Amino acid sequence: MSTIATLQIGEIGYISEESLDFIPLKLLEMGCLPGAEVQLLQIAPLKDPLYICVNGSHLAIRVETAEQIKVLKIE
Amino acid sequence: MANRPIKVALIGNPNTGKTLLFNQLTGLNQKVGNYPGVTVDKKEGISKLSGTQSAIIIDLPGTYSINPTSIDETIVLKTLLKKDIKESPDVILVLADVENLKRNLLLFSQIKDLEIPTVLAINMVDQMQKKGISIFLSVLEKELNTEVILISAKRNEGIKEVKEAIIRCHVAAKASPLCGINHKIDPDYFAKLKEISPSHSLYELWLMITQNNFPETVTSEEKEDLLAFKKDISKLKKYQHKETIYRYQEINKILKKTYIVDKSKASDLQSKLDKIFTHKIFGYFFFFLILLVIFQSIFDWALLPMDLIDGFFAQLSELAKASFPEGVFTDLLTEGIIPGIGGVIIFIPQIAILFLFIAILEETGYMSRVVFLMDKIMRRFGMNGKSIIPLISGTACAIPAIMATRTISNWKERLITILVVPFTTCSARLPVYAILIALIIPDTKIFGFLNLQGLVLLSLYTLGFGMAIFAAYILHKILDINSKSFFVIEMPNYKLPSLKNVFFEMVEKTKAFVFGAGKIILALSIVLWFLASNGSSEYKNAAEIVSKMEVNRGISSEEMDKRIASFKLENSYIGMLGKSIEPSIKPLGFDWKIGIALITSFAAREVFVGTLATIYSVEANDDDVTTIKQKMASEVNLETGEKRFNFPVGMSLLIFYAFAMQCMATLAIVKKETKTWKWPMIQLIGMGVLAYISSLITYQILS
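Each protein sequence line maps, in turn, to chains A and B.
Its first residue numbered -15, the first sequence is counted upward by one per residue in the working numbering.
Its first residue numbered 6, the second sequence is counted upward by one per residue in the working numbering.
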């Protein structure tokens, strides 16, 4: 199963419902919701953090958080 | 007749232009205070809404939601929960950014549920066309059940309308919840919760139990009942998640009808700029280039005003001395208070320039990119990408730098940042470095163009920064604090900074420094003055004793005065203190006179130069650096017959000043931020021991 951390730069995924319990409240509040579209925009030079666009919000999160959030990819 | 001013709380997400709107509403008519118990700045200003109605606007810290994760955000929650108390707001003005309306409405929906009259202002509408956004205002107002004003704080558009809306909203005093969280999640559970206290809105009660924050308006029985709800933490957590999702569902429904984005029209400047600024090579390149420009300006631009300030206060002292009758009061004024104030004012140019740059970097949105670039590196040393801002600010002054750590929500990372910030070379070390380097390093050029003195100064900066990083690493390994929290930072769209805003920010922060640190520096300089101008019976009879001494026979009266002054100092309380510590600092190459300077430096490091000037009895009123320098250069070590400030002693002193924690004001602010004396004491002792040992090694090797 892919997570936000396994996306390629530019790739889009949809956050899976089952991730809900693993998304910190703060991140939920910033728009990172199950079902939302998430795009990986950039990876920091040392592979961490990740720069994502989710639900229109541009955010940077650490890989340890991104690994917890599963996404569905639409081929 | 003028009406009672309306209390308005201004609240919004970070990066929505909230500060700018606040400045537009209040002009210069604002003041910064402190929230009780924390050092978070409380900004308030008066705004004239109409001919007869004014408002007190409270600028609350930017937050993404009412559920707080940092001290700043806790303030927002506390202010909003204070219903029925004097400080509670009459009207809440929520500011949203047109581009991120969906996320901004989450906060709005939470605030609506508090059932306080609310106005929504949507900012940056000047960007709508460029971003392909259209809004159906009347439908939006109806759906949100709130008056909505489109504004452009930057162009000063819509401000008048916001003022009018605040009055209307206050008069109507209509407040209704937007979502009503109970129905969809668990009706029984929330019905029971509401039964506890009819005088509070359901959402308020919900916040009290989830945030464990009970205002005075809750009775003790009510509180007990509420605490019973808190028992099932996992349920609370689950419901909080559900609540957020539910809110977003509602917001999405509303926005579908009222907010349209035509993506084909949107320009994509952000992703283009991000490709450069977050690039793995160019990103760092730009960052270091910017740092270079900042440091260059701090030293180049600030030089002239600092000299002027220095000269001004010297003349002021002289003037006061000449125009007041001689006596204790005049001495206190000319030797204690005026130089004390001067010692604070002198840093204003450097600090103002630094704040100017930081304000620009934050306004443009660039700072988030730096955090993104640096997070992984800083984490290896137990810090956070956000620690980079305090570490840069620390080169001006550790006090604002320590206050800037508040954005770090992980306690361990924040604590480590606070503890190591004082290692960075603050501007108070600069005068000390300058005079010592001038004394012990020859003014020559290497390779024909690199100034050797400048190079030494640069290496001292590097040393300070390196030690900060190293200390952080050690602390990271030994501090056993399990503070679990995660990291998220918004990467806002790039914006051109508003000059007005940047200027306001600079003035505000500089003011905060001057009044915060200034008080302590001033108080301590008065104490030092007292210790230096009072002493034992030898002190009181100095004139008699010195004139009777064999060696002083036949010297000019001018020379005699100087010797009396020296003798007085030696026998003043502070001189006695210096003598008493002499044995312990002798291995570092210091004598009791330097010892006094070390003690007085505790008020503020730059006092070192002034103290030595007094000690070496430089002619009063003539305190420019060359004379002090000449005096220091000619000071002889009586035991060896060598110069007192030779290379080993100078190096030892430089190292000591680089590492020692000699700043009362910083210790006070660390105590305030960490809420215990434990951490400032650890700083004081740890850095002191490190400075002592390093100086000892330096001196023993070199001499």
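There may be inaccurate statements among the hints.
Example chain A residues on the side facing chain B (calculated, C-beta under 10 Å, incomplete) [what the hints assert, rightly or not]:
1) Q26
2) I27
3) C37
The calculated DSS-like cross-link candidates involving lysine-lysine, where the alpha carbons are at most 27 Å apart (straight line), are [to be verified]:
4) A:K57 - B:K107
5) A:K31 - B:K417
6) A:K10 - B:K634
7) A:K54 - B:K242
8) B:K500 - B:K48
9) A:K57 - B:K277
10) B:K240 - B:K199
11) A:K57 - B:K268
Hint data in this document are derived by calculation from the structure and do not stem from the laboratory.
Just so it is clear, the structure is predicted and the values come from calculations on it, not from any experiment.
Yeah, the Cβ is synthetic: ideal placement off N, Cα and C, and Gly gets one too.
Item to complete: Give me the numbers of the hints this structure contradicts, sorted from smallest to largest.
Response: Violated hint: only 6; rest satisfied.
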